[in-house]
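A.B. asks: Let chain R serve as the given structure and place chain A on it in line with the hints.
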Amino acid sequence: DGGITQSPKYLFRKEGQNVTLSCEQNLNHDAMYWYRQDPGQGLRLIYYSQIVNDFQKGDIAEGYSVSREKKESFPLTVTSAQKNPTAFYLCASSILKVRGPGANVLTFGAGSRLTVL
Amino acid sequence: EDKVVQSPLSLVVHEGDTVTLNCSYEVTNFRSLLWYKQEKKAPTFLFMLTSSGIEKKSGRLSSILDKKELFSILNITATQTGDSAVYLCAVEFRYGNKLVFGAGTILRVKS
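First to last, the protein sequences are chains R and A. To get my numbering, take the position in the first sequence, counting from 1, and add 60. To get my numbering, take the position in the second sequence, counting from 1, and add 23.
The shape of chain R in the complex, shown without the other chains (with noise of 0.2 Å):
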């Protein structure tokens, strides 16, 4: 079946140790997409990557990075700069080949939630 995989599920973390939350989609999308869920905040956009090789910042991109060498995967890294990562994380994709409405329609994966000590 297609789909994305996240792993790891739960992931500890001392401060200042940095760490690489994976994302591998067999659906054949173009867009990849990082997401930081908080209560009571909705979803809000890190990182999200269009082709293999590019990407662009979302709206709180400070203190994350990312790489799309393949198009199937799409990995976030949690600096050490981050000042406050404990949060759940949300990887997604979506097919962009569709022309007007739906083109963003995201398929998600199932999370990896981080808790730093």
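Errors might be hidden in some of the hints.
Stated by the list, open to error - 27 Å max Cα-Cα, derived DSS-like pairs, lysine-lysine:
hint	chain 1	residue 1	chain 2	residue 2
1	A	Lys64	R	Lys130
2	R	Lys117	R	Lys131
3	R	Lys117	A	Lys64
4	R	Lys130	A	Lys121
5	R	Lys69	A	Lys63
6	R	Lys117	A	Lys60
7	A	Lys80	A	Lys60
8	A	Lys26	R	Lys117
9	A	Lys121	R	Lys143
10	A	Lys64	A	Lys80
11	A	Lys64	R	Lys131
12	A	Lys26	R	Lys143
13	A	Lys90	A	Lys64
14	R	Lys117	A	Lys121
15	A	Lys26	R	Lys69
16	R	Lys69	A	Lys64
17	A	Lys79	R	Lys131
18	A	Lys64	R	Lys74
In case anyone wonders, no lab produced these hints; they're calculated from the structure. Nothing here was measured: the structure is a model prediction, and the numbers come from that model.
C.D. replies: Coordinates of chain A only, in the frame set by chain R:
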């Protein structure tokens, strides 16, 4: 600044009740409004609305968009405990490739 506001933030109902969830928006270059259901982890897509006044329906769920007053509602009739979830509203823009999400409505259906 683009804004998507959902209300209420949370509500508790009993099985069989009907609920109405609201989503209002103030954005430039509106293209469509999307509703998602998030039960435990991954949000799942419910509806995409592009035109005013045309109801989208799926079983006990329905949704409608008012582009003049800039809001959408999601109705759930004869609620069941399986409807308990966070319901997310998002706006798609005509230009650019991202969605802006509201904070979500937490729905709990008691048996």
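A.B. asks: Can you list which hints this structure breaks, lowest number first?
C.D. replies: 13, 15 and 17
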